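Asks: Each protein sequence line maps, in turn, to chains A and B. First residue of the first sequence? That's 108 in this note's numbering, and the numbers climb one at a time after it. First residue of the second sequence? That's 108 in this note's numbering, and the numbers climb one at a time after it.
Quick caveat, the hints were computed from the structure, so don't treat them as lab data. Among the hints, a few may not be true.
No copy labels: a pair is met if it fits in one copy or bridges any two.
Unchecked claim - Calculated pairs, DSSO-like style, for lysine-lysine (alpha carbon to alpha carbon, straight line, at most 27 Å):
1) 281 with 262
2) 179 with 393
3) 296 with 409
4) 454 with 207
5) 404 with 129
Note that this is a predicted model, so its numbers are computed, not measured.
There are 2 protein chains.
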Amino acid sequence: MDRPILYDLNILNEFCIKVLTKAGVDSQDAEIISDTLMFAELRNVTSHGIVRLPTYIERMEKGLINQYADMKFTNNHFAAVTILDADNGMGQVAGYKAMKQAMNIAKLYGIGMVAVKNSNHFGVASYYSMMSLEENMIGLVMTNASPAIAPFGAKTPLLGTNPLTVAVPARNGKPIVLDMSMSTVARGKIRMYALQNKEMPPDWGLDTEGNPTADPNEALKGSLVPIGGVKGSGLSLIVDLLTGVLTGTSLTGEVRTVTDMSGPSRTSHVFIAINIESIMDPEVYKSNVDAVISRIKSMPPKGDNEIFMAGEIEQNLMDKRRAEGIPVEMEIVELLNSLAEKYDVSKL
Amino acid sequence: MDRPILYDLNILNEFCIKVLTKAGVDSQDAEIISDTLMFAELRNVTSHGIVRLPTYIERMEKGLINQYADMKFTNNHFAAVTILDADNGMGQVAGYKAMKQAMNIAKLYGIGMVAVKNSNHFGVASYYSMMSLEENMIGLVMTNASPAIAPFGAKTPLLGTNPLTVAVPARNGKPIVLDMSMSTVARGKIRMYALQNKEMPPDWGLDTEGNPTADPNEALKGSLVPIGGVKGSGLSLIVDLLTGVLTGTSLTGEVRTVTDMSGPSRTSHVFIAINIESIMDPEVYKSNVDAVISRIKSMPPKGDNEIFMAGEIEQNLMDKRRAEGIPVEMEIVELLNSLAEKYDVSKL
Numbered sequence: 108m109d110r111p112i113l114y115d116l117n118i119l120n121e122f123c124i125k126v127l128t129k130a131g132v133d134s135q136d137a138e139i140i141s142d143t144l145m146f147a148e149l150r151n152v153t154s155h156g157i158v159r160l161p162t163y164i165e166r167m168e169k170g171l172i173n174q175y176a177d178m179k180f181t182n183n184h185f186a187a188v189t190i191l192d193a194d195n196g197m198g199q200v201a202g203y204k205a206m207k208q209a210m211n212i213a214k215l216y217g218i219g220m221v222a223v224k225n226s227n228h229f230g231v232a233s234y235y236s237m238m239s240l241e242e243n244m245i246g247l248v249m250t251n252a253s254p255a256i257a258p259f260g261a262k263t264p265l266l267g268t269n270p271l272t273v274a275v276p277a278r279n280g281k282p283i284v285l286d287m288s289m290s291t292v293a294r295g296k297i298r299m300y301a302l303q304n305k306e307m308p309p310d311w312g313l314d315t316e317g318n319p320t321a322d323p324n325e326a327l328k329g330s331l332v333p334i335g336g337v338k339g340s341g342l343s344l345i346v347d348l349l350t351g352v353l354t355g356t357s358l359t360g361e362v363r364t365v366t367d368m369s370g371p372s373r374t375s376h377v378f379i380a381i382n383i384e385s386i387m388d389p390e391v392y393k394s395n396v397d398a399v400i401s402r403i404k405s406m407p408p409k410g411d412n413e414i415f416m417a418g419e420i421e422q423n424l425m426d427k428r429r430a431e432g433i434p435v436e437m438e439i440v441e442l443l444n445s446l447a448e449k450y451d452v453s454k455l
Numbered sequence: 108m109d110r111p112i113l114y115d116l117n118i119l120n121e122f123c124i125k126v127l128t129k130a131g132v133d134s135q136d137a138e139i140i141s142d143t144l145m146f147a148e149l150r151n152v153t154s155h156g157i158v159r160l161p162t163y164i165e166r167m168e169k170g171l172i173n174q175y176a177d178m179k180f181t182n183n184h185f186a187a188v189t190i191l192d193a194d195n196g197m198g199q200v201a202g203y204k205a206m207k208q209a210m211n212i213a214k215l216y217g218i219g220m221v222a223v224k225n226s227n228h229f230g231v232a233s234y235y236s237m238m239s240l241e242e243n244m245i246g247l248v249m250t251n252a253s254p255a256i257a258p259f260g261a262k263t264p265l266l267g268t269n270p271l272t273v274a275v276p277a278r279n280g281k282p283i284v285l286d287m288s289m290s291t292v293a294r295g296k297i298r299m300y301a302l303q304n305k306e307m308p309p310d311w312g313l314d315t316e317g318n319p320t321a322d323p324n325e326a327l328k329g330s331l332v333p334i335g336g337v338k339g340s341g342l343s344l345i346v347d348l349l350t351g352v353l354t355g356t357s358l359t360g361e362v363r364t365v366t367d368m369s370g371p372s373r374t375s376h377v378f379i380a381i382n383i384e385s386i387m388d389p390e391v392y393k394s395n396v397d398a399v400i401s402r403i404k405s406m407p408p409k410g411d412n413e414i415f416m417a418g419e420i421e422q423n424l425m426d427k428r429r430a431e432g433i434p435v436e437m438e439i440v441e442l443l444n445s446l447a448e449k450y451d452v453s454k455l
């Protein structure tokens, strides 16, 4: 395999914005979408980075994502909760608007919740939970996703990996950012083992009969193992009930994956912001979070490894990649360049 | 071992109320506490049932739980969030008051959050999340707990099992009630293996060096395996940051277990109620939850077993035990009867 090429963040960012605007996306929206893709690249969540751009554009071309979406908040008489109808637009735009609104509500009421209906894949969930950090808030975000996990006791997938993220600000330390799906490992990791024809640990995937398998190809036909068995499948169902079912967008099992071109994805998310000031002095809170971080990091480690907090490795990598550039695989560059040709944008 | 004795729910309930009031607990508070103990017994969460009564009473006698607690809500200018200072009183009383208040707030604002400081062990978490069901709300409750899980990369426990529960109402079906700790199995289960001198599965516990062990005694000296490794330990830390740290009650690692008589437990909880009406018609929502339940329960099962939803088995058992009685082990009856003698209450 060729070595990846290093790109400056700004080069990649401008490229994405240009392609998106040429595809009809409003320029402000394009900036938001591209920013989330850069966030993924900076944190090495490559599966949610620029590799997604061609798929998003294809969905727009096929009318499966509405790049001209008219997203509207629904008024109700409950001041701390609102609904955003994403009008089948880009999940990133919906996510950004929804989290902002949840924070606006939390500024006044202490907690704010925004449920998003009729949305699409929104990229890396922690992009949105971390928006709360600057405002001394705790951000909590969930999204539903296409079937990947079997309900406990069943053989075939119906539940999504349904990520949950929580971001908590620290004072001098790095924020604590949990961003996790409900499966033991991501499907992408199993796909890598399949490509390399390697056996995988037997507790990652299940075959079509719901039995553990070390064969990645069997697991890809079957389902992903939920964390803690009944607990992970239960958590995944709860995320469904708080997103797709609560907004009336889709029932469990009805979300389409981003590469399924048979119809809109019917994705739904929920955003909650908790204003720390409504409970205690945010500076005291953040100092206490610092104290927790140093208490944990100074514990005797298992082996010689440093103990890392949730989100710390990704945060370190962001700083590094901002300075040194983002590595992009040659085949992804080629994919993006054929998109550039189609939309008359300068190649990478 | 002797066979357990069957007791009528009312007999056990009255017994607990009498002992508690004799120990100085206000009669209304005693009813709440006893109701949570009966809830545990009905659902076969025996570890959180009447076996706890002697320990609670001992803590009161030693001044470690304040049975005369003056619990007060703190006023702030954030309408959807409030704090309850439990004044080191019983966790059950604090939990009941806090969830009620969260629901009162959610009635007006769509979502309500109550953080409880200076509290104690509150029993089965789903008792409180399920309070929301009658009001067409979704209840979400978390509590911190004493060290049992090692932070990811460390060898020794610092994080609690830190339960999370979410209760979601259905229309004709049973409510979906997730109630889970962040460890693969409860410490009580490992203790049972130790008592029986049995090897246990090696993915339940870790020895004092943080390595997997099948020896229950080594695991009891060491720590519990978190669900999904880094994910479960991350979730546990988030619960700490949303309870003990957010209320200023305790930092991570500072909660005392209920049997540790060296000081107050410094427990903290958070209660969130989401008013379904603020997002959609509750009757439509509950019908959709019914549809999700029947979709899952009609899937081809793994093996011949029926597929059960989270909380379903416990709900079935509650109906059965209400009708047929609650089995209590002879040694627990003896424990309770010596308490009865001390407090001049008729024996069981």
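Asks: If a hint holds in the structure, say so; if it doesn't, say that too.
Replies: Results of checking the hints against the structure:
{"no.": "1", "hint": "281 with 262", "verdict": "between (41 Å within a copy, 23 Å between copies)"}
{"no.": "2", "hint": "179 with 393", "verdict": "between (34 Å within a copy, 25 Å between copies)"}
{"no.": "3", "hint": "296 with 409", "verdict": "both (25 Å within a copy, 25 Å between copies)"}
{"no.": "4", "hint": "454 with 207", "verdict": "neither (34 Å within a copy, 60 Å between copies)"}
{"no.": "5", "hint": "404 with 129", "verdict": "neither (47 Å within a copy, 47 Å between copies)"}
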